[in-house]
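J.: Here is how the chains run, residue by residue.
4 protein chains.
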Amino acid sequence: MSFLEISVTDKPALNNAFLIEGLPGIGNVGKLAVNHLISALNAKKSLEIYSSSLPPQVTIKEGGIVSLINNEFHYYKNSKNKRDIIFLTGEHQGLDHEGQYALCIKILELAKEMGVTEVITLGGYGLGKIVENPRVLGAATSSSMVKKLKKAGVHFSTEQEESSAGIVGASGLLLGLGRLQGLEGGCLMGETSGYMADPKSAREILLILQKLLSLDLDLSDLDEKIEKIGALTKHLTGMTHSDDSEIDISYIE
Amino acid sequence: MSFLEISVTDKPALNNAFLIEGLPGIGNVGKLAVNHLISALNAKKSLEIYSSSLPPQVTIKEGGIVSLINNEFHYYKNSKNKRDIIFLTGEHQGLDHEGQYALCIKILELAKEMGVTEVITLGGYGLGKIVENPRVLGAATSSSMVKKLKKAGVHFSTEQEESSAGIVGASGLLLGLGRLQGLEGGCLMGETSGYMADPKSAREILLILQKLLSLDLDLSDLDEKIEKIGALTKHLTGMTHSDDSEIDISYIE
Amino acid sequence: MSFLEISVTDKPALNNAFLIEGLPGIGNVGKLAVNHLISALNAKKSLEIYSSSLPPQVTIKEGGIVSLINNEFHYYKNSKNKRDIIFLTGEHQGLDHEGQYALCIKILELAKEMGVTEVITLGGYGLGKIVENPRVLGAATSSSMVKKLKKAGVHFSTEQEESSAGIVGASGLLLGLGRLQGLEGGCLMGETSGYMADPKSAREILLILQKLLSLDLDLSDLDEKIEKIGALTKHLTGMTHSDDSEIDISYIE
Amino acid sequence: MSFLEISVTDKPALNNAFLIEGLPGIGNVGKLAVNHLISALNAKKSLEIYSSSLPPQVTIKEGGIVSLINNEFHYYKNSKNKRDIIFLTGEHQGLDHEGQYALCIKILELAKEMGVTEVITLGGYGLGKIVENPRVLGAATSSSMVKKLKKAGVHFSTEQEESSAGIVGASGLLLGLGRLQGLEGGCLMGETSGYMADPKSAREILLILQKLLSLDLDLSDLDEKIEKIGALTKHLTGMTHSDDSEIDISYIE
Numbered sequence: 001m002s003f004l005e006i007s008v009t010d011k012p013a014l015n016n017a018f019l020i021e022g023l024p025g026i027g028n029v030g031k032l033a034v035n036h037l038i039s040a041l042n043a044k045k046s047l048e049i050y051s052s053s054l055p056p057q058v059t060i061k062e063g064g065i066v067s068l069i070n071n072e073f074h075y076y077k078n079s080k081n082k083r084d085i086i087f088l089t090g091e092h093q094g095l096d097h098e099g100q101y102a103l104c105i106k107i108l109e110l111a112k113e114m115g116v117t118e119v120i121t122l123g124g125y126g127l128g129k130i131v132e133n134p135r136v137l138g139a140a141t142s143s144s145m146v147k148k149l150k151k152a153g154v155h156f157s158t159e160q161e162e163s164s165a166g167i168v169g170a171s172g173l174l175l176g177l178g179r180l181q182g183l184e185g186g187c188l189m190g191e192t193s194g195y196m197a198d199p200k201s202a203r204e205i206l207l208i209l210q211k212l213l214s215l216d217l218d219l220s221d222l223d224e225k226i227e228k229i230g231a232l233t234k235h236l237t238g239m240t241h242s243d244d245s246e247i248d249i250s251y252i253e
Numbered sequence: 001m002s003f004l005e006i007s008v009t010d011k012p013a014l015n016n017a018f019l020i021e022g023l024p025g026i027g028n029v030g031k032l033a034v035n036h037l038i039s040a041l042n043a044k045k046s047l048e049i050y051s052s053s054l055p056p057q058v059t060i061k062e063g064g065i066v067s068l069i070n071n072e073f074h075y076y077k078n079s080k081n082k083r084d085i086i087f088l089t090g091e092h093q094g095l096d097h098e099g100q101y102a103l104c105i106k107i108l109e110l111a112k113e114m115g116v117t118e119v120i121t122l123g124g125y126g127l128g129k130i131v132e133n134p135r136v137l138g139a140a141t142s143s144s145m146v147k148k149l150k151k152a153g154v155h156f157s158t159e160q161e162e163s164s165a166g167i168v169g170a171s172g173l174l175l176g177l178g179r180l181q182g183l184e185g186g187c188l189m190g191e192t193s194g195y196m197a198d199p200k201s202a203r204e205i206l207l208i209l210q211k212l213l214s215l216d217l218d219l220s221d222l223d224e225k226i227e228k229i230g231a232l233t234k235h236l237t238g239m240t241h242s243d244d245s246e247i248d249i250s251y252i253e
Numbered sequence: 001m002s003f004l005e006i007s008v009t010d011k012p013a014l015n016n017a018f019l020i021e022g023l024p025g026i027g028n029v030g031k032l033a034v035n036h037l038i039s040a041l042n043a044k045k046s047l048e049i050y051s052s053s054l055p056p057q058v059t060i061k062e063g064g065i066v067s068l069i070n071n072e073f074h075y076y077k078n079s080k081n082k083r084d085i086i087f088l089t090g091e092h093q094g095l096d097h098e099g100q101y102a103l104c105i106k107i108l109e110l111a112k113e114m115g116v117t118e119v120i121t122l123g124g125y126g127l128g129k130i131v132e133n134p135r136v137l138g139a140a141t142s143s144s145m146v147k148k149l150k151k152a153g154v155h156f157s158t159e160q161e162e163s164s165a166g167i168v169g170a171s172g173l174l175l176g177l178g179r180l181q182g183l184e185g186g187c188l189m190g191e192t193s194g195y196m197a198d199p200k201s202a203r204e205i206l207l208i209l210q211k212l213l214s215l216d217l218d219l220s221d222l223d224e225k226i227e228k229i230g231a232l233t234k235h236l237t238g239m240t241h242s243d244d245s246e247i248d249i250s251y252i253e
Numbered sequence: 001m002s003f004l005e006i007s008v009t010d011k012p013a014l015n016n017a018f019l020i021e022g023l024p025g026i027g028n029v030g031k032l033a034v035n036h037l038i039s040a041l042n043a044k045k046s047l048e049i050y051s052s053s054l055p056p057q058v059t060i061k062e063g064g065i066v067s068l069i070n071n072e073f074h075y076y077k078n079s080k081n082k083r084d085i086i087f088l089t090g091e092h093q094g095l096d097h098e099g100q101y102a103l104c105i106k107i108l109e110l111a112k113e114m115g116v117t118e119v120i121t122l123g124g125y126g127l128g129k130i131v132e133n134p135r136v137l138g139a140a141t142s143s144s145m146v147k148k149l150k151k152a153g154v155h156f157s158t159e160q161e162e163s164s165a166g167i168v169g170a171s172g173l174l175l176g177l178g179r180l181q182g183l184e185g186g187c188l189m190g191e192t193s194g195y196m197a198d199p200k201s202a203r204e205i206l207l208i209l210q211k212l213l214s215l216d217l218d219l220s221d222l223d224e225k226i227e228k229i230g231a232l233t234k235h236l237t238g239m240t241h242s243d244d245s246e247i248d249i250s251y252i253e
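Those protein sequence lines, which keep their order, are chains A, B, C and D. Heads up: the first sequence begins at 1 in the working numbering, then just goes up one per residue. Heads up: the second sequence begins at 1 in the working numbering, then just goes up one per residue. Heads up: the third sequence begins at 1 in the working numbering, then just goes up one per residue. Heads up: the fourth sequence begins at 1 in the working numbering, then just goes up one per residue.
If you're looking for bench data, these hints aren't it; they were derived computationally from the structure. Keep in mind the model is a prediction, meaning the values are calculated, not measured. Do not take every clue at face value.
Identical copies carry no separate label here, and so any pair may be met within one copy or between two of them.
[What the hints assert, rightly or not] With a Cα cut of at most 30 Å, we get these calculated DSBU-like pairs of lysine-lysine:
id	residue 1	residue 2
1	K129	K61
2	K45	K234
3	K106	K61
4	K61	K148
5	K151	K61
6	K61	K211
7	K147	K61
8	K106	K225
9	K211	K150
10	K11	K148
11	K148	K228
12	K45	K147
13	K234	K147
14	K61	K150
15	K228	K147
16	K228	K77
17	K11	K129
Let the hints inform the model, and build the full structure from the sequences given.
T.: Here it is, written out as structure tokens:
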């Protein structure tokens with residue numbers, strides 16, 4: 001009964017490529033970072049994944065044109081350091097546990113077909129309070145990957161206990177399933193309040209990725225978003241004692 | 001494990017037909033409009049779709065006869081402008097995301113078998129307040145379709161942002177899935193409070209459809225319902241400050 | 001992934017048999033009636049249906065022995081009027097819409113294999129208030145069945161509108177699905193408060209079934225339960241203004 | 001669409017083996033008991049079960065290494081009394097009824113392949129109040145098993161009525177499904193408040209298992225946990241009247 005359809009625009013063979021996941025999640029940190037990368041590197045659309053594990057819903061794009069909710073691959077041929085990149089973005093994650101598994105299994109299958117050997121997932125680490133200088137916390141599928149991430153500036157907590165909640169959703173599943181298939185992987189989690197879209201946290205992740213992937217990124221676009229959010233946060237903080245209304249900041253995507 | 005059964009009464013080959021969807025939704029606008037069209041054009045029952053994606057429930061019809069909840073096709077052979085119409089109506093939409101996809105995929109498959117080339121979905125656009133002169137908002141699968149709808153009087157907002165919630169359920173899915181299959185389509189959303197069945201909003205949609213499909217409709221039946229609801233609304237508005245009880249107006253179907 | 005297992009004790013060929021459903025529901029009216037029939041007619045165990053659509057749970061029976069939750073057929077060879085009966089009972093209905101459909105389809109398949117030609121489903125009709133003289137309301141798959149039920153004393157409301165909620169769960173689904181397969185059927189709904197197990201309402205249903213099936217039943221067992229509940233109800237009614245505690249009367253099965 | 005993968009480390013043929021289940025549940029009693037047994041008997045990892053019926057989530061283990069949530073078999077070759085043991089542990093039970101059935105069916109299949117002939121499930125029996133001297137209550141698939149458990153000190157209530165709630169989840173399902181397949185089995189339920197992890201209740205279960213399986217266990221590790229919890233409980237009880245805050249004791253696993 002399940003529906004799955006792959007709509008391919010361009011599916012090139014890539015070189016020892018990274019899959020970098022940035023689906024919506026806490027503080028939209030992963031999505032902000034990946035969307036910035038797609039735009040900054042001018043990555044090309046590769047394919048769209050449509051699935052009944054996603055919401056039965058269309059979004060209305062510019063000019064009134066509808067588009068069925070999906071997950072997308074965009075790719076970047078990296079002449080500099082010889083390792084190509086696939087970016088995974090989308091409007092939603094799978095809607096339930098079966099759907100999360102089904103989508104992540106398909107994503108890994110497609111990624112491996114295109115030459116992916118390593119998976120980097122991006123997300124937010126919710127602190128429940130506003131954080132001035134967000135760190136980037138990490139987790140990985142192997143100790144060699146942990147070492148590599150540490151070297152790039154990722155923080156590994158010594159307090160992380162076995163009983164911790166772990167990483168929920170695509171950012172966790174792509175690593176866990178990938179590991180079962182012999183794929184190396186790591187997760188970068190930017191600290192964030194969890195209360196709003198957090199481009200500052202996304203920026204910290206991008207600084208790590210620059211080192212990790214030897215990229216040269218223009219972050220000015222993100223800096224603008226950070227200023228907007230900063231102004232809004234100050235405004236909200238000032239209002240906190242007198243007003244409890246929720247403010248929609250979903251336009252910062 | 002899933003159950004799906006099609007019970008065919010009459011499945012004629014139609015000419016370059018429209019599929020017009022009017023399943024239950026916000027303000028029951030789409031269902032009111034389609035049921036009016038079925039009755040006004042004396043459309044014939046074509047087939048019934050039974051599915052385990054619908055509620056496990058029978059309705060009790062006149063005389064105490066039970067009927068399993070379903071979705072139905074009614075068709076209208078249009079001698080005038082040569083384009084035939086299939087109307088989709090029913091008591092429920094699919095109960096969850098998998099069920100929504102499964103039903104809409106089946107509906108499109110059956111519609112294409114019968115000669116459908118274009119999909120028009122109808123629904124309400126909830127405003128959360130009573131609206132005196134409801135507009136009909138639109139979305140479509142292509143810019144040529146947008147143009148066609150605009151010409152018929154459909155309003156396309158320039159404020160619609162990419163981040164908008166979009167169209168949820170069958171009205172969205174039939175367009176989104178149809179587009180993947182090369183079917184043109186558009187959605188007509190009548191503005192409505194969302195608080196009650198809204199024949200006034202349905203009437204606005206019917207005025208658009210008259211132009212779009214070159215139909216000649218008697219709307220007097222709907223005008224009666226509008227008067228009933230109007231009287232009720234006035235009554236309710238007067239009561240608002242003194243009484244909070246909910247009033248069932250579900251008999252206006 | 002779904003699990004379904006039929007454990008057969010005895011599966012005789014029956015003669016133009018009735019299937020009488022009495023799964024748990026409003027006021028447990030159907031289950032009380034069917035369990036009374038099984039015991040009064042000394043019906044024999046035919047088969048057990050185990051399914052992943054039922055709760056993942058065992059009950060603990062006498063002596064500490066566990067038993068996986070199931071649905072059961074018991075049969076009664078009726079020498080008198082030549083029409084045999086299968087009784088359907090169990091601890092639960094299917095847990096969701098897909099499960100309800102899957103179980104009811106399997107039940108009808110098994111019933112037809114054993115010679116069932118007519119389906120009678122039993123249930124409660126919740127009124128939300130205590131009712132002194134509960135009527136038995138009806139619904140059926142055909143007007144000839146309506147006539148037959150009326151003759152046996154079943155009440156058919158003239159106020160039942162098309163927009164009514166209908167019959168939810170196995171009592172509705174067995175009729176609706178049966179009708180699609182050409183099986184005649186009717187539903188008997190005993191009026192009940194819906195607040196507690198209601199043997200009085202079950203008794204009214206049994207009086208109808210006696211006529212309908214030409215049975216001769218000893219109802220004294222049920223009369224005892226009615227007295228118990230009657231005493232409890234008086235007690236509760238007296239307490240209503242001073243005490244709001246809930247009292248468990250689930251031991252009246 | 002479902003995902004299931006077995007990752008085998010070592011799958012020896014065992015001798016007339018027991019399967020002892022200790023998945024998370026009320027008071028974490030079963031998991032505490034089984035984890036103690038695995039560690040005390042130095043049981044070896046046999047296999048891991050990965051499934052889309054489990055949460056789409058990884059845990060972060062020591063050193064920042066991620067691990068996909070799973071269920072695991074550990075085995076113990078018992079030279080003394082000739083009967084080997086498989087221990088079933090994990091971070092979660094199946095997430096819904098279909099998932100519970102799917103996982104338990106797979107677990108029984110694997111256990112039988114490895115030589116399991118008897119299933120012992122462990123759990124807590126929630127009382128809703130702190131219990132000084134928890135008893136171990138039992139249920140079983142046959143009266144001979146009931147006798148065997150009674151002899152080992154398990155308490156069988158004479159008040160257990162047919163209408164009792166029974167045993168929910170893997171502890172019930174492994175017995176109920178096992179019984180359908182001809183496997184003998186019993187459930188040991190340690191009385192517990194249900195408010196927190198309860199090593200005291202787990203200790204009572206271990207004392208029974210020592211007799212039942214002729215094991216010689218060092219319980220000192222558990223005694224430490226009991227002291228910790230005891231101190232915490234006293235602290236909490238003292239606080240009860242002045243403070244309602246919840247205290248996380250999830251670190252006692």
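J.: The structure should be examined with respect to each hint, and the outcome stated for every one.
T.: Now the hints, each set against the structure:
In this assembly of identical chains, K129 and K61 lie within 30 Å of each other by CA distance solely across copies; the values are 26 Å between and 34 Å within a copy. When the C-alpha separation of K45 and K234 is checked against a cutoff of 30 Å, the pair qualifies neither within a copy, at 38 Å, nor between copies, at 54 Å. Taking the shortest Cα distances, K106 and K61 sit within 30 Å of each other both inside one copy (26 Å) and across copies (26 Å). For the homomeric pair K61 and K148, the shortest alpha-carbon distance between copies (18 Å) is at most 30 Å, but the shortest distance inside one copy (40 Å) is not.
Proximity of K151 to K61 under the C-alpha cut-off of 30 Å is restricted to the inter-copy arrangement: shortest distance 20 Å between copies versus 41 Å within a copy. When the C-alpha separation of K61 and K211 is checked against a cutoff of 30 Å, the pair qualifies only between copies, where the shortest distance is 26 Å, while the shortest distance within a copy is 35 Å. Taking CA atoms no more than 30 Å apart as the test, K147 paired with K61 passes between copies only; the shortest distance there is 15 Å, against 43 Å inside one copy. Proximity of K106 to K225 under the C-alpha cut-off of 30 Å is found in neither arrangement, the shortest distances being 33 Å within a copy and 44 Å between copies.
For a Cα distance limit of 30 Å, the shortest separation of K211 from K150 inside one copy, 11 Å, qualifies, whereas the shortest one across copies, 51 Å, does not. With identical chains, the CA atoms of K11 and K148 are at most 30 Å apart within one copy only, with a shortest distance of 29 Å there and 35 Å across copies. Taking CA atoms no more than 30 Å apart as the test, K148 paired with K228 passes in neither setting, with 34 Å inside one copy and 39 Å between copies. In the homo-oligomer, the alpha carbons of K45 and K147 lie at most 30 Å apart only across protomers (27 Å), although the nearest pairing inside one protomer, at 32 Å, exceeds that limit.
Neither within a single protomer nor between protomers do K234 and K147 lie at most 30 Å apart by alpha-carbon distance, with minima of 38 Å and 44 Å respectively. Taking the closest pair of Cα atoms, K61 and K150 come within 30 Å of each other only across two copies (16 Å); inside a single copy the shortest separation is 40 Å, beyond that limit. Proximity of K228 and K147 under a CA criterion of 30 Å is satisfied in neither setting, with 35 Å inside one chain copy and 36 Å between copies. Taking CA atoms no more than 30 Å apart as the test, K228 paired with K77 passes in neither setting, with 32 Å inside one copy and 57 Å between copies.
For the homomeric pair K11 and K129, neither the shortest alpha-carbon distance inside one copy (42 Å) nor that between copies (48 Å) is at most 30 Å.
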